[in-house]
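Colleague: What follows is each chain in one-letter form.
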Amino acid sequence: MRDAVTAIAADHAPDRSHGSERLRLIWHNIFPFVVVGAIWEIIAWTGIFPRRLFPTLEDVATAFVNLTITGILPHHAIETVIRLLTGFALAAIVGVTIGVLMGRSRRAEDIFLPLVSIGAPIPGLAYAPLFLLWFGLGNLSSVLLVGFVSAFPIIFNSWTGVKAVKEIWVRSAQAMGANDHRLFRHVILPGALPYILTGLRLGLAQAWRILVAVEMLAAVPWGLGWLIFGARKFLNTDIMMAGIVVIALIGIALEKLVFQKIENYTVVRWGMISS
Amino acid sequence: MVPIEIRDVSLIYDTPGGKVPGVKDVTLNISASEFVCIVGPSGCGKSTLLNIVAGFLSPAAGEIRIGGKKVDGHGMDRGVVFQDFAQLFPWRTALGNVAFGLEMKGVPKDERERIAHEQLRLVKLEKFTASYPHHLSGGMQQRVAIARALAYNPAVLLMDEPFAALDALTRDDMQRLLADVWRETRKTVIYVTHNVSEAVYLADRVIVMTPHPGTVKAEIRIPLPRPRDPLSVEFLDFQKELLRHLGHGASASEPTKANGKTTA
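So the sequences go chain by chain: A and B.
Residue 291 in our numbering is what sits at position 46 of the first sequence, and the numbering runs on without skipping anything.
Residue 99 in our numbering is what sits at position 96 of the second sequence, and the numbering runs on without skipping anything.
Same shape as in the complex, but just chain B (with noise of 0.2 Å):
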């Protein structure tokens, strides 16, 4: 797997009511098969630097390197996973879906298929190979989704709030699942959420943005082992600590806000 590199990395919206800066000046540097999330309030530039990362943006400074190599628009050392169910392609089954980026690279038929099917396995959808998307819930098309993200195996998995839009229970699951396909694959990956206990479960790293402009202001280092408790101390103590630098110092101490599930 490889490292990334984001080197005072800004972009600038051009809006109507003037120019508003999305990101300004990041430096990030993520180390190869580290799993980093990024959180902060909406508007904080978060999903632009993802978008940035993943070639769909140009920054208007700075630069980025995977592995070394400069990123120049979209490649296929990236997986991209969105939080829109929607990204699946609804004319063709889970299989293929999962087969489209090994079809595109020129995999043969046989082959992909095979992959395919060891990458829904992997994500526990192996029954429903030959579903189509409208037939399976948001959770298992999350899954769908990722699994195609991970098919022709980029180094590095780009996500962007995926299961922001599950119920809280399938996130749970979806978030061990997660943490079960990153132990197996070590891809490098960046996470992006607004859920501070998804971003404790998960990370090695948490980056915390700031918005007007988009800016990283602390980052937080998770060292607690794998598989991690949500409910144990150590495990509160690192959220109720993003929780102060995302602002909400004074209320981390309140149960219904220190379990994390309120949007940061």
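Looking at chain A on its own, in the form it has when it is part of the complex (with noise of 0.2 Å):
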């Protein structure tokens, strides 16, 4: 799912084209979806599998719709974008900051490099049972895993990005008598921006894998993760289908509304990446 949603996210539409142009390009977007919603119809269809453990992509849409119209659905999906922002946001606050340090302090580096270094690579869910008996069932402990996990990324890329921050930049500033907080705020901080805008990229997928696992586990009352979770119970495989898309969607109106608004106004619009 995340990789369908990066790879629409990689593939830009001129702002400017011509209709048919758009046109076409939608369709080049599209068009993996209906092959693959085509197939998935035809199977469902030939009765290979029960119905109830593959339903039609009907089902999976009478599903979604009447979760969303008696409620269920929205409520479902607001908790879990509560949970996943609250813990993202404190991840990036963190994360950038302790990031940003170990990139200026050398003993910041030397404290937290070998702690973030074998943390990192810990597959998030094996800390979910510890988080659970320490801060209980329910949302904080789902929270607080969401914010431990996603920093890590948060934290290797803002520290790769102030290292990575041109000499000569630094070097011309204080030619131009910037001190060390100005040079910090006007020089470290925009220079190491693609980076860590990178990082919290990455940051906020780590989020969405680990609070979709937690949500099962953390009997909370309410989230996707539970609500997928849940269903099995009854075999509504439609109504799984229906939380995974909800979850594709969220993904994607994040990347596109946030993430890549963020990067054009910034590193785009500054020839720091490209588009």
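It should be emphasised that the hints constitute simulated quantities derived from the structure, not laboratory data.
Any given hint could be a false lead.
[Said to hold, decoys possible] Computed spacing ranges between beta-carbons, pair by pair:
#1 B:A221 <-> A:V513: 48 to 54 Å
#2 A:I497 <-> B:T18: 50 to 56 Å
#3 A:V415 <-> B:D17: 51 to 57 Å
#4 B:A89 <-> A:I497: 30 to 36 Å
#5 B:E237 <-> A:S519: 24 to 30 Å
#6 B:D17 <-> A:I367: 40 to 46 Å
#7 B:R179 <-> A:R267: 44 to 50 Å
#8 B:A167 <-> A:I338: 41 to 47 Å
[Unchecked claim] Non-contacting residues of chain A with respect to chain B, defined by C-beta distances greater than 10 Å in every case (computed):
#9 E266
#10 R269
#11 E324
#12 F380
#13 Q419
#14 R427
#15 P435
#16 L442
#17 P466
#18 A476
None of these values were measured; they are calculated from a predicted model.
Positions of the beta carbon are idealized from the N, C-alpha and C atoms, including for glycine.
With the hints as a guide, dock the two chains, each given alone in a separate frame, to form the complex.
Modeller: Okay, here's the thing in structure tokens:
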């Protein structure tokens, strides 16, 4: 699912393209989904698998619409998004701070780098039981776990970004009388921004993964992970699919409406990365 | 404007292969508003010397005084222009880049933008104030860099092969432009280059440096009136003289090398 999201995100439509050109581009983006959808539909209709386990797209669409009208799906989605953004915001603040600190201070680097290097490759879910014991079932442990796990890529990339700031920018700024504080604000931060944004994007992907999984464990009453997990009891595969679709839609929305907007306004406009 | 005194300056590089003298016992006196070019082959210590004057490197021995004041680290009495186009801040427009030094100085926004506009007009980029560096050509970026180094009005301008990465035609234009800018601003300039014709075109005085260790080998005054004609006999004579000091004496009569576009 994630790959499909990034694939769509990477395929940028030029803004002032011709009408037919635009249609062609939209078709170009939709085409793979049409193919997969068609194959899915054929398999569902042949009846190789029981329909309860392999719903048709109409079943999924019906479940989606029904759950949306009754407000159940939005409720699940909102709870999940709130947890996601709370945990992610925590990770962003702490992660960028630690990462930048590591990039700027040798001491901070010596302290944090070994910890982060060992902590990062451990699958986030491995910490889940520990967090559940410490912070109890429910919101607190899921938010904290999301924050903890998604901080790693943010720390790494912020650190790399600060290290990658060109020496010539620093020299130029110093020659023009920038003190440490201003050097940091006017040169190091914008200079490291392409990496920091990459870190945030990876962190958000990480946050999604861990959140959906932990919602299945943490006995939260609402949440897309829980919706999908709970639906297994009654073999409601259509509901599972509807939940997965919502996760994909939220992912695309965050990518297109938040990250790409921020990037276009900053690093793309500055020519530091190409769109 | 102020004079620069460089007294017995030495610097030794500590490399994995042992200690390499970067510059050794360099003494130079540069008068106020003088345009001095330092030429020499790669590794002769000319850039090292410039970085010492800029305050990015501390000399192992000797001292540098600018306007009588001893140099200790970088300072706003000096403006620096590097060879690398990447020296501009990509996240700032041309105007934002030029205004940077003034911002650091605490000049109010209106005032610094007015000055930045003025400086960009001086380098003929008044139409590109709102452009980001990546939309500007290499020559334009270097002009922004010059405007940026001049904007906060340093007494001294230090330039490290600023036009070396430009194509020959653009470089000619830039040299003319720099000569004009210098005539208007009368900064004291140290300009490092390996291009002999560039040195003769720009300088009041050319310092020839030789490597291993980096020392001053010769000083040549260029008393030609400005603007200078690079095709005049006198101009070519100075080029030949410089090339001879750089060890290219025998080939100086060859027309391809005598035009000075070859790397000395």
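Colleague: Need the list of violated hint numbers for this structure, in ascending order.
Modeller: 3, 5, 13, 14, 15
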